[in-house]
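Sequences and hints are given; from them, build the entire structure.
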Amino acid sequence: RKEVEQDPGPFNVPEGATVAFNCTYSNSASQSFFWYRQDCRKEPKLLMSVYSSGNEDGRFTAQLNRASQYISLLIRDSKLSDSATYLCVVSPTRGIFFGTGTRLTVIP
Amino acid sequence: EAQVTQNPRYLITVTGKKLTVTCSQNMNHEYMSWYRQDPGLGLRQIYYSMNVEVTDKGDVPEGYKVSRKEKRNFPLILESPSPNQTSLYFCASMQWRSQTEAFFGQGTRLTVV
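Taken in sequence, the protein lines are chains A and B. Under the working numbering, think of the first position of the first sequence as 1, with each following residue one higher. Under the working numbering, think of the first position of the second sequence as 109, with each following residue one higher.
FYI, nobody ran anything at the bench for these hints, they're computed from the structure. Beta carbons: idealized from backbone N, C-alpha and C, even for Gly. A hint or two may mislead.
Simulated coverage check for chain B against chain A, where a stretch passes if three residues somewhere in it have a Cβ under 8 Å from a Cβ of chain A [claimed, not checked]:
(1) 135 to 146
(2) 153 to 167
(3) 194 to 205
(4) 210 to 216
Just a few of them, taken from the derived set where beta-carbon distance is under 10 Å, the chain B residues facing chain A [unchecked claim]:
(5) V112
(6) Q114
(7) P116
(8) L149
This is the structure:
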């Protein structure tokens with residue numbers, strides 16, 4: 001079983017839409033969770049950490065559900081510049097693991 | 109400036125010719141790891157290292173070697189590259205104890221012909 005499972009998409013949404021991504025993880029001992037953004041085969045960059053109580057950064061909201069072992073990312077009022085691949089990242093005891101990434105395209 | 113530096117950025121080589129991709133970080137991070145990224149498969153971990161002289165296999169270690177003689181460097185070695193190792197490779201480092209952000213190198217696009 002993979003450490004992290006993520007719907008690869010693609011998600012094609014119009015500007016202004018709200019879109020949500022989910023990601024499940026298999027190791028209940030995982031301690032840290034993140035969302036990364038990757039543009040067109042460049043290196044991934046941290047979008048936001050995910051905290052147990054949920055956290056928000058502008059149009060982005062991240063949530064963690066430990067009981068069901070999933071994390072989510074909500075993007076409100078999508079912009080063209082949000083088009084990218086979003087990777088969920090989980091850090092259990094032996095390294096950091098990435099989901100396959102969800103490709104988002106925001107359409108004018 | 110905090111950074112992870114990978115070299116080379118692009119490499120075309122022939123089957124069987126040993127090569128090394130270097131990775132260096134200047135943040136005194138304990139944790140370093142290598143990933144390969146292939147279409148539809150995401151980032152898969154090759155090897156990781158929790159500290160100097162401590163390395164472990166990731167999910168796809170076959171055909172690769174690593175070493176961690178110094179904290180800042182974590183080279184990836186392909187002793188006998190094959191075409192199925194054609195991929196985009198990323199090195200990453202992280203402050204393991206605090207579990208904060210992982211920093212990535214800019215990637216190495218390797219083609220084995």
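Hint check:
Closer than 8 Å: that is the beta-carbon criterion, and the segment 135 to 146 of chain B has 4 residues meeting it against chain A, so the requirement of 3 holds. Counting residues of the segment 153 to 167 of chain B whose CB lies closer than 8 Å to any CB of chain A gives 4, so the stated coverage by that chain holds, three being the minimum. For a cut-off of 8 Å, the count of residues in the segment 194 to 205 of chain B with a CB near a CB of chain A stands at 4, and the three-residue condition holds. Given as covered by chain A, the segment 210 to 216 of chain B passes the check, having 5 residues with a CB less than 8 Å from a CB of that chain where 3 are the minimum.
Taking 10 Å as the C-beta cut-off, the interface hint given for V112(B) holds, the closest approach to chain A being about 8 Å. Contact between Q114(B) and chain A, as hinted, is supported at the beta carbon level, the nearest pair being about 9 Å apart and thus within 10 Å. Interface restraint check for P116(B): the shortest CB-CB distance to chain A comes to about 15 Å, outside 10 Å, so the restraint is violated. With its C-beta approaching chain A no nearer than about 6 Å, L149(B) sits inside the 10 Å limit, and its interface hint holds.
Checked against the numbered hints above, the structure violates only hint 7.
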